[in-house]
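If you read the sequences in order, they're chains C and A. First residue of the first sequence? That's 1 in my numbering, and the numbers climb one at a time after it. First residue of the second sequence? That's 1 in my numbering, and the numbers climb one at a time after it.
Hint data in this document are derived by calculation from the structure and do not stem from the laboratory. Incorrect hints may appear among the rest.
Sample of chain A residues lacking proximity to chain C, with all beta carbon distances greater than 10 Å (derived) [said to hold, decoys possible]: (1) H7; (2) F29; (3) S30; (4) T59; (5) P106; (6) K118; (7) H132; (8) Y146; (9) E148.
In silico BS3-like links for lysine-lysine, alpha-carbon gap of 30 Å or less [what the hints assert, rightly or not]: (10) A:K3 x C:K41; (11) C:K41 x A:K25; (12) C:K36 x A:K25; (13) A:K143 x C:K32; (14) C:K32 x C:K61; (15) A:K143 x C:K41; (16) C:K36 x A:K10; (17) C:K41 x A:K100; (18) A:K25 x C:K21; (19) C:K41 x C:K76; (20) A:K92 x C:K36; (21) A:K10 x A:K111; (22) A:K100 x C:K76; (23) C:K61 x C:K41; (24) A:K3 x C:K62; (25) A:K143 x C:K36; (26) A:K55 x C:K32; (27) C:K62 x A:K143; (28) A:K143 x A:K55; (29) A:K111 x C:K36; (30) A:K108 x C:K21; (31) C:K41 x A:K112; (32) A:K111 x C:K41; (33) A:K112 x C:K62; (34) C:K43 x A:K108; (35) C:K43 x A:K92; (36) A:K3 x C:K21; (37) C:K21 x C:K76; (38) A:K60 x A:K25; (39) A:K143 x C:K61; (40) A:K112 x A:K60.
Even glycine gets a Cβ: it sits at the ideal position worked out from N, Cα and C.
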Amino acid sequence: MVKRSEVSETELLERLIEDSKWISENYEELRKYEGKVIAVKNKRIILASESILDLLNELEKKENAAYILVEAIPPKNASFIL
Amino acid sequence: MVKIICHLRKFLRGRYFPFIPFLFKYSRFSGMIEALVDTGSPFTVLSTSDALKLKLPITKMRSGEPVSVAGFRFFNHQLNNVTLVFRTEDGKIFTLSHLKVGVLIPTKIDKKTLEEVKHIPSIIGNDFLEEHRFALHYDPARKLAYLECI
Numbered sequence: 001m002v003k004r005s006e007v008s009e010t011e012l013l014e015r016l017i018e019d020s021k022w023i024s025e026n027y028e029e030l031r032k033y034e035g036k037v038i039a040v041k042n043k044r045i046i047l048a049s050e051s052i053l054d055l056l057n058e059l060e061k062k063e064n065a066a067y068i069l070v071e072a073i074p075p076k077n078a079s080f081i082l
Numbered sequence: 001m002v003k004i005i006c007h008l009r010k011f012l013r014g015r016y017f018p019f020i021p022f023l024f025k026y027s028r029f030s031g032m033i034e035a036l037v038d039t040g041s042p043f044t045v046l047s048t049s050d051a052l053k054l055k056l057p058i059t060k061m062r063s064g065e066p067v068s069v070a071g072f073r074f075f076n077h078q079l080n081n082v083t084l085v086f087r088t089e090d091g092k093i094f095t096l097s098h099l100k101v102g103v104l105i106p107t108k109i110d111k112k113t114l115e116e117v118k119h120i121p122s123i124i125g126n127d128f129l130e131e132h133r134f135a136l137h138y139d140p141a142r143k144l145a146y147l148e149c150i
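Next up, chain A with everything else stripped away, as it sits in the complex (with noise of 0.2 Å):
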């Protein structure tokens, strides 16, 4: 069984979220990551700061479905064979490739856009959670969060 520790940190309104850190693998591109995990959310998604940090060029990929995130309009760009690296509880590496990944690539590109939508994090969405069996483990009161693979 893959179990995958979550970080639990205040990120809104002192409220607890659950982070989860890995590598990420597109063709040339690759950087680490920290995703929330968002059963609310159907999409598993790069945020647009983390696209300008993993350099991918974000002025090129201006297609996909539109979606709302926090107010703002995004095209959800679709990257194929991307490749996540997780390192599991007992210290082993788990890799999942060949994986379809959304980019939130704003639907106006300039200075201003991209710094308001800064504070958008990368999202594990769940779709991830059902296409790869993951069940999210999330006790706030316990500050405990983790995926496992069931």
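Only chain C is shown next, with the shape it has when bound in the complex (with noise of 0.2 Å):
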């Protein structure tokens, strides 16, 4: 596991935005997670799971889970106004 303090903000956000970026752009290939959560790291999805505190528990076991993208896919039908 990298530690925190071995890579410079700068990276750490450089990964964020690329990451984030593979999100936004492959968020229809996505879809077969709706109504999960996923954890994205260098464009991969590295976790899945129907429960977020199931994926963070998980994630903890291997990685900071803050410095990881975690997304939830609402299901198709999911309507809420903001």
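Dock chain one against chain two, each of which comes alone in its own frame, and use the hints as you go.
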């Protein structure tokens, strides 16, 4: 595991932006995870779960979850006004 | 002029929504966040799921103005002295410090509720845009969105 202190803020931000962009560009494909939560690192889904709590617990075993993009994919028919 | 690119994704009902990635820092807590830019929200808030991810002590944060989001009731718990770090279009780091940012803390904290609110994203609201003089340029037809500091 790469420790937070070994990676510069700029590098973290670069990775975040690349992963965020990847999620946006592949969002239609990620629809197969509807209703689930996914963790994305380096443009790869490293974990998926129906439960946010289970995913974070599992993620913490191998990564610092705070520095991984975690995305909940709403069900297709989900509708809410924020 | 500062320009920060948003990423558009079909978040709900096949419609595009603008999301912005940034580093969030508060006290000893920090991490990567993506927030929905929502001009309809008067508040900038961290979602419950992001608060869990950052390991914020949510059970000790049950205070703040009651707010309703997507049909759920929350306390808008205020954090002071928050730092947000963005990357600008030309690759520079843009940091905003000493910010007040809310955290959506469900009025009822149990496993069922935490799972039910997992789809509610963090939000960059009108307060942020106004206080930091950002304009949102949003063109879903061209899949283009960015914040520009006036």
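Each hint tested on the structure:
In this structure A:H7 is not separated from chain C by more than 10 Å, as the shortest Cβ-Cβ distance comes to only about 4 Å. The non-interface label for A:F29 is inconsistent with chain C: the shortest C-beta to C-beta separation is roughly 8 Å, within 10 Å. A cut-off of 10 Å between C-beta atoms contradicts the statement that A:S30 is not in contact with chain C; the least separation is 6 Å. With a closest Cβ-Cβ approach of about 14 Å to chain C, A:T59 is found to remain outside the 10 Å limit, as its non-interface label requires.
Here A:P106 stays apart from chain C, with its beta-carbon at least about 13 Å from theirs, past the 10 Å limit. A cut-off of 10 Å between C-beta atoms contradicts the statement that A:K118 is not in contact with chain C; the least separation is 4 Å. The beta carbon of A:H132 is kept farther than 10 Å from every beta carbon of chain C, the shortest such distance being approximately 18 Å. Listed as a non-interface residue, A:Y146 keeps its Cβ farther than 10 Å from every Cβ of chain C; the least gap is roughly 13 Å.
Against chain C, the non-interface label of A:E148 holds: every CB pair exceeds 10 Å, the least being about 17 Å. Taken as a hint, the A:K3 and C:K41 pair is honoured in the structure, with Cα atoms around 25 Å apart against an allowance of 30 Å. For the hint pairing C:K41 with A:K25, the CA-to-CA distance comes to about 20 Å; that is within 30 Å, so the pair holds. Between C:K36 and A:K25 the CA atoms are separated by roughly 27 Å; this keeps the pair inside 30 Å, and the hint holds.
The hinted pair formed by A:K143 and C:K32 meets the criterion: a straight-line CA distance of about 22 Å does not exceed 30 Å. For the given pair, C:K32 sits about 25 Å from C:K61 by alpha-carbon distance, which is consistent with the 30 Å threshold. This hinted pair checks out: A:K143 and C:K41 have alpha carbons roughly 24 Å apart, not beyond 30 Å. About 16 Å separates the Cα atoms of C:K36 and A:K10, which keeps this hinted pair within 30 Å; it holds.
A hinted pair counts as satisfied when its Cα atoms are at most 30 Å apart, and C:K41 with A:K100 qualifies at roughly 29 Å. Proposed proximity of A:K25 and C:K21 is supported: the alpha carbons are some 22 Å apart, at most 30 Å. Annotation: proposed proximity of C:K41 to C:K76 holds, straight-line Cα distance about 24 Å (limit 30 Å). With a CA separation close to 34 Å, the supplied pair A:K92 and C:K36 exceeds the 30 Å bound.
Under the criterion of a C-alpha separation no larger than 30 Å, the hint pairing A:K10 with A:K111 is consistent with the structure, at around 28 Å. Restraint check for A:K100 and C:K76: the C-alpha separation of about 34 Å exceeds 30 Å, so the hint is violated. Proximity of C:K61 to C:K41 is assessed by CA-CA distance (about 15 Å); at most 30 Å being required, the pair is judged to hold. Simply put, A:K3 and C:K62 have alpha-carbon atoms about 35 Å apart, too far for the 30 Å limit, and the pair is violated.
Between the alpha carbons of A:K143 and C:K36 the distance comes to roughly 25 Å, so the proposed pair stays at or under 30 Å and holds. This hinted pair checks out: A:K55 and C:K32 have alpha carbons roughly 28 Å apart, not beyond 30 Å. Between C:K62 and A:K143 the CA atoms are separated by roughly 35 Å; this puts the pair beyond 30 Å, and the hint is violated. Distance hint between A:K143 and A:K55 is unfulfilled; the C-alpha atoms sit about 34 Å from each other, more than 30 Å.
Taking the CA atoms of A:K111 and C:K36, the gap is about 15 Å. The hint holds against a cut of 30 Å. Pair hint A:K108 plus C:K21 does not hold up; C-alpha atoms about 34 Å apart against a cutoff of 30 Å. At most 30 Å may separate the alpha-carbon atoms for a hinted pair to count; C:K41 and A:K112 meet this at roughly 27 Å. A C-alpha spacing of about 26 Å is found between A:K111 and C:K41, which places the hinted pair at or below 30 Å, so the restraint holds.
At most 30 Å may separate the alpha-carbon atoms for a hinted pair to count; A:K112 and C:K62 meet this at roughly 25 Å. Our distance criterion of 30 Å between C-alpha atoms is broken by C:K43 and A:K108, whose separation comes to about 35 Å. At most 30 Å may separate the alpha-carbon atoms for a hinted pair to count; C:K43 and A:K92 meet this at roughly 22 Å. Of the supplied pair hints, the one linking A:K3 and C:K21 holds, its CA atoms being roughly 16 Å apart against a limit of 30 Å.
Note on C:K21 and C:K76: the hinted pairing holds, with a Cα-Cα distance of about 21 Å set against a maximum of 30 Å. For the given pair, A:K60 sits about 19 Å from A:K25 by alpha-carbon distance, which is consistent with the 30 Å threshold. At roughly 37 Å between alpha-carbon atoms, A:K143 and C:K61 are farther apart than 30 Å, so this suggested pair is violated. With a CA separation close to 19 Å, the supplied pair A:K112 and A:K60 stays within the 30 Å bound.
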